[in-house]
Amino acid sequence: MSERTQTVPLAPGVARLLGGEAAALPGAGLPWLAERRARAAERFGALGLPHRRLEAWKYTDLPRALKDRDYRPARELEPVSLDAVPALTEEEPLARLTFVDGLYRPELSRTEALPEGVRLLTLAQALEREPALLEGRLGALTADDGGDDPQQALLALNAALIDDGLVLLVEAGVTVPGRIELVQLGGLAAEPVYHGPRHLVALGEGARATLVERIQGLGPTGSLANAVTEIRLAERASLTHLRLQEAADEAIELATTRVAQAAGSRYESFALTLGAALSRHELLVTLDGEEAEVALNGAYLLRGSQHGDTTSRIEHRVPNTRASETYKGALDDSARAVFQGMILVERDAQKTDGRMLNKTLLLSEKAEIDAKPELEIYADDVQCAHGATAGEIDSDALFYLRSRGLDERQARALLIEAFLAEAVETLSDESLREPLLERVRAWLSAAGERGRMEKESAA
Amino acid sequence: MTDSMLKIENLHAEVEGKEILKGIDLEIRPGEVHAIMGPNGSGKSTLSYVLSGREGYEITRGSVSFKGKDLLALEPEERAGEGLFLAFQYPVEIPGVPNTTFLREAVNAVREYRGEERYDALKFMKFVRAKLKELGMADEFLKRAVNVGFSGGEKKRNEVLQMACLDPSLAVLDETDSGLDIDALKAVAEGVNALRGPERSFLLITHYQRLLGYIVPDRVHVLSRGRIVETGGPELAEKLEAEGYAAYVGEPEAA
Ligand SMILES: Nc1ncnc2c1ncn2[C@@H]1O[C@H](COP(=O)(O)OP(=O)(O)OP(=O)(O)O)[C@@H](O)[C@H]1O
Ligand SMILES: [Mg+2]
Chain R
11 MSERTQTVPL APGVARLLGG EAAALPGAGL PWLAERRARA AERFGALGLP HRRLEAWKYT
71 DLPRALKDRD YRPARELEPV SLDAVPALTE EEPLARLTFV DGLYRPELSR TEALPEGVRL
131 LTLAQALERE PALLEGRLGA LTADDGGDDP QQALLALNAA LIDDGLVLLV EAGVTVPGRI
191 ELVQLGGLAA EPVYHGPRHL VALGEGARAT LVERIQGLGP TGSLANAVTE IRLAERASLT
251 HLRLQEAADE AIELATTRVA QAAGSRYESF ALTLGAALSR HELLVTLDGE EAEVALNGAY
311 LLRGSQHGDT TSRIEHRVPN TRASETYKGA LDDSARAVFQ GMILVERDAQ KTDGRMLNKT
371 LLLSEKAEID AKPELEIYAD DVQCAHGATA GEIDSDALFY LRSRGLDERQ ARALLIEAFL
431 AEAVETLSDE SLREPLLERV RAWLSAAGER GRMEKESAA
Chain X
8 MTDSMLKIEN LHAEVEGKEI LKGIDLEIRP GEVHAIMGPN GSGKSTLSYV LSGREGYEIT
68 RGSVSFKGKD LLALEPEERA GEGLFLAFQY PVEIPGVPNT TFLREAVNAV REYRGEERYD
128 ALKFMKFVRA KLKELGMADE FLKRAVNVGF SGGEKKRNEV LQMACLDPSL AVLDETDSGL
188 DIDALKAVAE GVNALRGPER SFLLITHYQR LLGYIVPDRV HVLSRGRIVE TGGPELAEKL
248 EAEGYAAYVG EPEAA
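Quick note, the sequences are listed as chains R and X, same order. Under my numbering, residues 11 to 469 are what the first sequence spells out, in order. Under my numbering, residues 8 to 262 are what the second sequence spells out, in order.
It is possible that part of the hints are untrue.
To be verified - Chain X stretches covered by chain R per the calculated footprint, using a threshold of three residues with CB under 8 Å from any CB of chain R:
id : stretch
1  : 54-62
2  : 79-88
3  : 102-109
4  : 116-124
Please keep in mind that the hints were generated in silico from the structure rather than gathered at the bench. For each residue, glycine too, the CB sits at the ideal point set by N, CA and C.
Please take these sequences and the hints and turn them into a complete structure.
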């Protein structure tokens, strides 16, 4: 890609961010960091926002979404209580870091119950007190300050304004005895804010952990988040990563997750996408050691004019690795979803087992899915399959249920829930399934409410 | 005035512009069992779908009253709530929905419609287990997804289970006896007979006299080319078994 056109301007609201804010960011006193930020800002200035002429951004028009928006960094600590964030399961999380509009809130966080061998702190704390913890880790997977792929320009934007985030380091052999929650609340600021969280997770050999990311809009303000998460799993390490994205209606929620897996490690991700006006969740996983296994699953439920993009790339680099990916979604009104999935099998990666499936229910004629599952295979002894389907609710099933007394709304809800349950049931931790299904049901009953109100106002 | 359960008058219905029902008249009183027999394609299932309110059928003439109400003005779920039940000729598979969930939602939906309290999970399990026992069915039926992977006979028995749970006033059984082995047929017939009572009526659509040996009907109708061409007592079924439909399908098509 030699195209270096200057024709895609930075959205002014984003460009302004790059001027002069660095002094207020955490770790501003660290020369290496300042230098890194400056380099990344320069890179981002050269690359510009990813635009639709780039293959990976064909279906998501970020420049247009950002065109008339203006953002500033969050400064104010908005009053907020965790009461607005319902408990995920009856079992309390072992620890929790809470950020509001990107700002860390110790009074809403809890880290005291952590056992030996587990470090959980914020990126700002690490930068200020223990920068050595980050050495060789920050940006190691993403090369975000120096990369020249315009499709990955959001990494440079994140690096230029790197502020705060979660750092989770688990030593070899340690099992974290409970889930760790990363709560990111938004929508409360008086004016739209930008925040670029940077999260770092590193699990030592044989370590195990569960990380639950909860992104929740508590107010109406449409902020812009541009998160980058770097996850490194050593041999036989295992991470379950649940991501519930319930951002504010007007929010733009961008996230790039980069995972590197050593031999025998397992990464299981489930992403539920419900919120934001526009969201993109990009996952890049490399299977670098034999017997490494990845499961990327998720569900998206979108309505109104929401746009939700899931883009993933799994690289099988060595023999005997496994990947499975199942994403299911339901789209109502004129919502639009994008599913781009690439499974790449390198020449040496014999005996790869890779499966990818994307299924979407279109609940309205104006809803749209752009699905692009792809396999790129350079090895000859592999088992790979991919498929994508989109369709409407089965009218025979709908009538069958109605003939048994369920009204149309109940019948549709039951069928949609059953459809999505198939994705939710991929979660190996059964205790996390029910909270996900609850959210699916809440989404469905909100649809029912809306339908009822429309009927009443039409009458 | 409502000593009529179902009253169909001069019912005409079209599918995709093609007239299938061409003037049906039929009256069923509470407690009665009627049977409809007729050649393939004569409109039996169409009649059952029109009664239960399936989309895609245009009623061009006629009326149907059910317990004194204008049936055709009701949504399918309202018909179920009022007490109409259709056992499908081809029960629908619903992947991902456990049979228990399906039955519970259905039972509670009609209970709500009828002004009765919803069953909680526990009460419902008691209720449905009792029904299964009455019908000699295994609990295992409940766990599986609705009709998914059920054998033909199991699907039909699942229809009978739903009927027993929904406590209908009028049950239309569309070839519920087809594809059943002798034991299953007996079980289905016993299920129906157990539900018979002075307030409950049945409309049995069948090709076989055998079912009518177990469930003796009050009236037997012959449906041919969208019309009821003959009505008689149980002996009519025996006559049809012996002679076939030759006498009816030969009739000239009325313009
Ligand atoms: N959706 C449809 N489109 C076109 N024709 C239809 C449709 N549904 C039914 N028909 C036609 O209507 C006629 C009556 O069909 P119906 O299923 O009611 O017959 P039936 O009496 O139940 O037959 P069987 O004994 O085989 O079950 C048939 O000729 C059938 O092809
Ligand atoms: Mg039929």
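Okay, the hints, checked on the actual structure:
no.	hint	verdict
1	54-62	holds (count 4)
2	79-88	holds (count 6)
3	102-109	holds (count 5)
4	116-124	holds (count 3)
The structure shown violates none of the earlier numbered hints.
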